[in-house]
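2 protein chains.
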Amino acid sequence: MNQANKRRQVPEQVSELTTNRLSVYLRCLNTLDELSVQTISSQALAERFHLNAAQIRKDLAYFGEFGVRGVGYYVKELRRHLRKILGLDRQLRVAIMGAGNLGLALADYPGFRQEGFEIAALFDAADEKIGHESRSGVPIHDIKELRRVARKDHLDIAVIAVPAPRAQPVVDQVVAAGIKAILNFSPGTLTVPPNVKLKSVDLTVSLESLSFYLAQGESSGG
Amino acid sequence: MNQANKRRQVPEQVSELTTNRLSVYLRCLNTLDELSVQTISSQALAERFHLNAAQIRKDLAYFGEFGVRGVGYYVKELRRHLRKILGLDRQLRVAIMGAGNLGLALADYPGFRQEGFEIAALFDAADEKIGHESRSGVPIHDIKELRRVARKDHLDIAVIAVPAPRAQPVVDQVVAAGIKAILNFSPGTLTVPPNVKLKSVDLTVSLESLSFYLAQGESSGG
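Chains as they are written, first to last, in the numbering used here: chain A, 1 to 222; chain B, 1 to 222.
Treat the hints with care, as some may be off.
[As the list claims (entries may be wrong)] Below are the DSS-like pairs computed for lysine-lysine, each with C-alpha atoms no more than 27 Å apart in a straight line: (1) B:K58 to A:K199; (2) B:K58 to B:K144; (3) A:K144 to A:K197; (4) A:K180 to A:K84; (5) B:K197 to A:K129; (6) A:K58 to A:K129; (7) A:K58 to A:K199; (8) A:K58 to B:K129; (9) A:K84 to A:K58; (10) A:K199 to B:K199; (11) B:K144 to B:K197; (12) A:K58 to B:K58; (13) A:K199 to A:K152; (14) B:K144 to B:K84; (15) A:K199 to A:K180.
No wet-lab data here; the hints were simulated from the structure.
Model the full assembly from the supplied sequences, consistent with the hints where possible.
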């Protein structure tokens with residue numbers, strides 16, 4: 001079976017939006033578990049976290065039969081299922097390309113560790129940074145060492161946190177090092193071969209939804 | 001008309017997802033405009049940027065009649081309309097709370113400026129940071145000065161980039177300073193009064209969709 005056929009098992013469009021929501025549900029279940037809540041209905045889950053109950057049921061039904069009639073979901077069990085679906089039941093090792101402010105902030109971002117990602121390495125080209133480490137102890141390697149470190153440390157995901165003009169050459173190095181999943185924070189379009197998954201985070205989109213909200217308030221006389 | 005009634009004009013659930021897509025369309029139109037493309041059909045727009053043509057037409061129809069039969073959309077004109085809908089036709093002034101690695105990275109993030117946001121100020125409580133500025137020249141103020149600076153500089157949006165335990169107290173200071181829109185990068189739940197809009201960015205969600213992709217690849221025999 002070739003790559004294209006494999007990919008078709010879960011339609012790309014559905015999986016991206018659905019997995020984003022599964023991540024949100026997982027975050028909610030983590031909170032409930034910390035509060036020792038044992039079971040919850042889709043309705044109660046939706047009300048508590050401002051979600052859509054029908055959407056929750058539909059999203060989960062896509063992956064299996066998790067609810068129990070008259071009970072709802074068992075929090076711990078559903079949490080375990082979601083972690084498995086999202087591939088979080090084994091540790092994924094993440095490299096961050098670029099040890100500037102953004103790279104260092106991401107290396108120490110507490111949310112990644114909470115879900116079991118291991119930030120294994122930072123890479124930079126600046127001599128004065130190489131050999132040092134982030135506040136939480138992530139070592140900064142010479143980017144020339146990427147291929148060697150990627151193999152030795154089994155790096156699964158690379159995060160691109162370099163200035164825009166450096167992004168494509170760095171992505172090319174990541175691909176050449178055999179890393180198959182890339183999270184990009186750099187503005188602008190990047191290209192990767194079809195067997196590599198690239199996901200770009202555009203922080204401007206979040207600011208624009210606030211801008212829209214402020215504009216609405218004014219146009220309705222606020 | 002009270003706050004609750006005003007808000008109901010655009011349903012919250014629809015607006016958030018739709019405005020995120022409008023932001024993406026705007027980004028595409030910027031690219032086309034730079035390339036001197038004058039008109040484009042929804043079909044061509046969708047193919048070029050891996051979007052959904054029917055969704056584009058539906059999203060735009062919600063705000064007006066922008067397409068011309070047999071021509072498609074005029075790039076410059078649609079770009080101008082989208083900027084107006086998203087409230088980007090006037091400059092919004094943004095404050096960043098916290099001048100650590102994340103705050104400094106956001107202060108210098110080029111995408112914000114490209115869309116007309118002005119990063120006007122950083123705020124921190126650490127004496128050794130106050131009075132300095134970010135690489136791009138954003139001044140770092142004492143957080144005690146927030147209320148005064150917010151009025152003087154007409155700050156519209158606050159970005160929360162402080163460690164999780166400091167997030168709620170800082171949000172309370174932002175609200176007390178009269179800022180009505182907050183973008184939060186801190187993990188954990190925050191509360192704001194109903195007349196303040198809070199949007200949280202969870203960077204873990206992006207990593208998890210890559211994790212899901214990697215897990216799919218393996219389970220299908222990759």
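Verification of the hints:
no.	hint	result
1	B:K58 to A:K199	25 Å, holds
2	B:K58 to B:K144	46 Å, violated
3	A:K144 to A:K197	23 Å, holds
4	A:K180 to A:K84	20 Å, holds
5	B:K197 to A:K129	39 Å, violated
6	A:K58 to A:K129	48 Å, violated
7	A:K58 to A:K199	25 Å, holds
8	A:K58 to B:K129	49 Å, violated
9	A:K84 to A:K58	18 Å, holds
10	A:K199 to B:K199	21 Å, holds
11	B:K144 to B:K197	23 Å, holds
12	A:K58 to B:K58	23 Å, holds
13	A:K199 to A:K152	25 Å, holds
14	B:K144 to B:K84	34 Å, violated
15	A:K199 to A:K180	11 Å, holds
When held up to the earlier numbered hints, the structure conflicts with 2, 5, 6, 8, 14 and fits the remainder.
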